[in-house]
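Spelled out, the chains give:
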Amino acid sequence: MTDLSHIRNFAIIAHIDHGKSTLADRMIQMCGGLDDREMKEQVLDSMDIERERGITIKAQTVRLTWQAADGQTYAINLMDTPGHVDFSYEVSRSLAACEGALLVVDASQGVEAQTLANVYLALENDLEIVPVLNKIDLPAAEPERIKEQIEDVIGIDASDALMISAKTGQGVPEVLEALVKRLPPPQGEVDNPPKALLVDSWYDPYLGVITLVRVIDGTFRKGMKMRMMRTEAVHPIDKVGMFTPKLVETESLSAGEMGFIMAGIKSVADTQVGDTLTDDRKPCETPLPGFRPSVPVVWCGLFPVDTSDFETLRDSLAKLRLNDASFEFQMETSAALGFGFRCGFLGLLHMEIIQERLTREFDLDLITTAPSVVYKMHLTNGEYLELHNPADMPDPVLIDSIEEPWVKATIIVPDEYLGPVLKLCTERRGIQLDLTYAGARAMAVYKLPLNEIVFDFYDRLKSISRGYASFDYDMDEYTESDLVKVSILVNNEPVDALAFVAHRTQADFRGRQICERLKDLIPRHMFKIPLQAAIGGRVIARETISAMRKDVTAKCYGGDVSRKRKLLEKQKEGKKKMRQFGKVEIPQSAFIEALRMKEG
Amino acid sequence: MTSSDTTDPTADPDDEGFGLYVHWPWCLSKCPYCDFNSHVIADPDHAAWARAYVRELDTLAAMEAMDPAAPATRRPLTSVFFGGGTPSLMAPGTVAAVLDAAARHWPLADDLEVTLEANPGAVDRARFTALRAAGVGRLSLGVQALDDAALRFLGRRHDAGEALAALDLARAVFPRVSLDLIYARPGQTPDAWAAELDRALGFAPDHLSLYQLTIEKGTAFFAAHRDGAFALPDEDTAADLFDLTRETTAAAGLPAYETSNHARPGAACRHNLVYWRGGDYVGLGPGAHGRLGGVATRTIAAPAGWLAQVAREGHGLQARTPLSPPDRAVELLMMGLRLTEGIHAARFERLSGLPLADALDPAGLATMIDLGFVTRDGPWLRATAEGQTRLDAVLAHIAA
Ligand SMILES: Nc1nc2c(ncn2[C@@H]2O[C@H](COP(=O)(O)OP(=O)(O)OP(=O)(O)O)[C@@H](O)[C@H]2O)c(=O)[nH]1
Ligand SMILES: C[S@@+](CC[C@H](N)C(=O)[O-])C[C@H]1O[C@@H](n2cnc3c(N)ncnc32)[C@H](O)[C@@H]1O
Ligand code: SF4
Ligand SMILES: [Mg+2]
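For the protein sequence lines, the chains are A and B, in the order given. The numbering of the first sequence is full-length UniProt numbering, which starts it at 1 and goes up by one. The numbering of the second sequence is full-length UniProt numbering, which starts it at 1 and goes up by one.
Since the hints were made in silico from the structure, they are not lab data. Treat the numbers as computed from the prediction; the structure is a model and nothing was measured. Just to be clear, a hint being listed does not mean it is correct.
Facing chain B, according to a computed beta carbon distance under 7 Å, are these residues of chain A, among others [stated by the list, open to error]: (1) G208; (2) R549; (3) Y557.
Ideal Cβ positions, reconstructed from N, Cα and C, are used throughout, including at glycine.
All chains, please: the whole structure from these sequences, using the hints.
Okay, structure coming up:
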């Protein structure tokens with residue numbers, strides 16, 4: 001047990017790619033958490049997907065020991081957080097467990113949209129913020145200018161911001177010193193009844209359910225009967241300990257400390273993040289306020305290409321949810337695609353990642369349908385319903401009104417790209433709330449319909465600004481809107497999985513675009529295929545895929561037979577990957593690709 | 001349809017002939033489109049190659065004779081095909097030695113067809129005469145194009161004039177001569193091809209192999225094409241070229257009897273018909289494939305490796321793979337539908353062990369018949385002209 005005065009808890013926050021995980025690497029090294037042999041770049045990004053994409057998806061907590069200049073030894077709990085907007089829920093949970101935030105700003109890029117968003121989260125949690133300017137080894141670094149920017153744009157004092165390079169390690173010991181000096185130690189009473197915040201939980205195939213906790217009061221130790229106050233589940237504690245970052249068992253976890261508890265919990269449903277843990281025999285009085293639950297904002301259908309994989313898909317989704325409670329799924333049936341699941345995600349990257357994990361870790365071939373937001377429908381008969389799936393949209397005559405969700409978006413962009421960015425926002429029905437300048441950069445705040453940004457807004461933004469614009473959003477309110485369902489007919493049959501909801505003013509344009517895209521995405525068949533977009537019975541766009549004209553191997557003699565036979569067998573295999581819609585085979589990727597807009 | 005309408009007047013659904021394929025792997029240079037088992041060599045050891053061919057043929061013939069599935073009496077050999085590579089580079093003595101060895105093992109059909117592939121960049125009168133004397137009766141000449149720029153693009157060693165001189169010479173020496181042309185080349189318009197094809201037909205050949213240029217993996221063209229150095233005609237143009245080819249050759253009296261092969265009645269390549277009708281053939285030489293009584297044979301492709309194994313073990317076989325009835329059925333479908341005559345149900349069942357109907361997907365077949373790509377005509381299952389153009393897709397629909 002470490003005395004409270006010698007504990008420091010903080011989260012590293014920053015815009016995506018500003019160097020959080022690399023800074024964590026240096027701190028781990030300098031505190032001796034891992035030796036050189038065990039070290040690798042962004043060592044905390046342990047999932048394959050994180051390493052391949054070079055981004056952090058899941059927050060990680062590490063307990064380090066720092067020998068400070070004052071001669072004292074401090075226990076430091078560092079939480080590395082993700083930078084991408086989809087995972088801000090991870091950031092907010094981490095911040096709730098800390099007293100301080102280490103704000104990293106890339107000294108060559110400056111303040112970006114997630115820098116701001118994450119600082120606001122830290123301020124909401126009343127945390128002490130220690131700003132550092134990273135990547136000063138880069139020739140393009142301008143730490144002095146960025147310091148001013150931090151003061152101008154964020155409005156926090158950056159006068160004693162440290163200049164560091166997480167890559168070379170320059171300035172990192174000073175950061176550790178600053179944390180010890182400037183962050184308040186945790187509050188808490190070791191003698192009070194045990195009380196801890198459940199920050200995170202996940203399922204480990206060898207160890208079972210692991211919970212990550214921040215102890216507020218008292219002590220948790222092996223053998224104790226632990227109660228989760230909200231779910232009321234009670235489990236005897238098997239093990240407690242911390243990650244250094246290696247998993248190390250300890251005798252106990254006490255007030256102010258962070259670490260893991262394993263308690264033979266079978267179901268992750270018992271471990272709600274934000275819950276309060278206590279001693280079943282000697283419970284604390286009031287539970288902690290917990291977290292406001294995350295709400296999936298983007299929904300799409302996931303269907304197995306091979307219908308017999310439905311059960312595997314169900315099991316796989318359930319397994320993934322053990323480690324990620326922020327996505328939801330419910331069974332769905334589609335006339336076109338059969339049985340599948342309607343799944344809700346925190347954003348598009350989150351959706352992509354879950355899909356990719358299903359494909360890779362569970363070897364599933366999936367068809368993903370168009371992402372959609374949740375609409376609130378008021379029917380003429382007084383009923384109210386929430387629409388997660390455009391295919392389920394009731395007949396327009398039964399609809400009294402529809403509300404759609406809006407977001408408040410912050411976009412930071414160099415001046416020279418502001419024009420196209422504002423144009424993009426206007427095209428997407430945006431309403432400008434604010435436009436300010438800081439040096440050569442502009443910050444635009446817009447109200448935008450979520451449905452306009454869900455799909456490719458971020459890609460478009462990046463491409464029109466050559467990657468320089470950054471973007472963050474928060475859910476805003478629901479507002480009544482003139483929305484219609486656009487159906488897509490392939491070979492004269494409506495394909496429910498391609499239907500989408502659009503604002504009336506955009507329906508024609510989007511319908512036309514999807515037909516044009518499908519024309520490229522669906523391979524030629526032996527017959528010609530009409531494609532149509534329609535609102536109710538009114539056709540708003542049409543295209544035709546002409547019939548295949550030639551497909552024959554020119555040369556085929558004795559030696560070629562075996563090879564050609566295998567090709568044919570492969571081709572037949574490949575056909576299984578296509579879903580049949582009437583007589584038409586649509587490739588699995590077409591459902592998403594059809595939406596990718598080509599805009600000028 | 002009666003058998004007199006089929007590709008070859010001798011066609012008999014009970015007999016598909018029995019062939020010997022001999023692979024000669026050497027060329028003077030490697031053409032950029034070519035994925036055959038062909039390699040460049042300055043000076044092959046002709047005596048060693050002749051010995052190796054004869055030795056391997058002796059072994060393969062002995063194996064065939066011992067095979068319990070083999071016919072009780074030795075069937076007559078109906079065709080021999082020297083392919084490559086550039087077999088016109090073979091020493092005529094090697095050709096003679098192989099033919100002699102074949103005659104020791106099998107009775108030779110009276111009308112035995114002996115074909116040899118020749119590259120116009122490697123011919124002279126003395127060589128042609130010697131090859132003829134060795135027993136070659138049919139020459140397949142790789143003219144490829146009648147246009148110098150196209151020949152340069154195809155990386156050929158000869159120009160059009162040399163190709164035509166070789167053609168004249170060949171016709172003076174061999175009773176039967178066929179030409180190979182590669183069309184649907186980058187930028188080739190239907191008009192340009194029509195003119196080129198007319199010129200070729202003007203030489204009054206009785207057999208033409210007309211191949212659309214295909215980009216094969218592992219060739220120089222593959223990388224160049226991928227990197228955008230040139231583009232092939234698009235699907236619609238390729239289809240127009242294909243249709244044009246069939247119409248023009250048919251009007252000239254050499255209708256297509258197979259996807260890419262055109263002949264006057266009775267002048268079809270009998271050896272290749274063995275492949276397409278599903279008959280048996282012995283595969284001799286490096287990388288040669290054979291089919292004997294439902295067993296697929298394959299020899300080592302690398303020339304040196306093949307030579308070494310033949311010297312050691314008497315044969316260069318790398319694999320002998322028995323084919324299951326469904327495998328055989330798919331092969332027969334793939335090969336048989338390439339022929340204008342189509343597939344004979346009785347032959348199909350005799351060779352594969354499966355009734356033709358069992359090898360077909362009923363729904364897919366119905367659709368293909370509906371769309372006019374396939375017809376059933378008594379015992380014959382046939383791809384129509386429209387079906388031929390899309391044969392790979394048709395196969396994917398009808399194969400069970
Ligand atoms: N030159 C230089 N590069 C750095 C420095 N710190 C980080 N980087 C590089 O910046 C990139 C992003 O670093 P990460 O540590 O993964 O950034 P992150 O903030 O954790 O990113 P997310 O978790 O995705 O939000 C990597 O390529 C690092 O090597 C630095 O001090 N100097
Ligand atoms: C094995 S080559 C034999 C001919 C001889 N070696 C020569 O090149 O003259 C058989 C024929 O296949 C054709 N061919 C080879 N590769 C081809 C390709 N990639 N596309 C189209 N035809 C091809 C050529 O017409 C060639 O003449
Ligand atoms: S000469 Fe014939 S076999 Fe040799 S590389 Fe050229 S096309 Fe291929
Ligand atoms: Mg990171």
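A quick look at each hint next to the structure:
no.: 1; hint: G208; verdict: violated, 48 Å
no.: 2; hint: R549; verdict: holds, 4 Å
no.: 3; hint: Y557; verdict: holds, 6 Å
Consistency note: the structure conflicts with earlier hint 1 alone.
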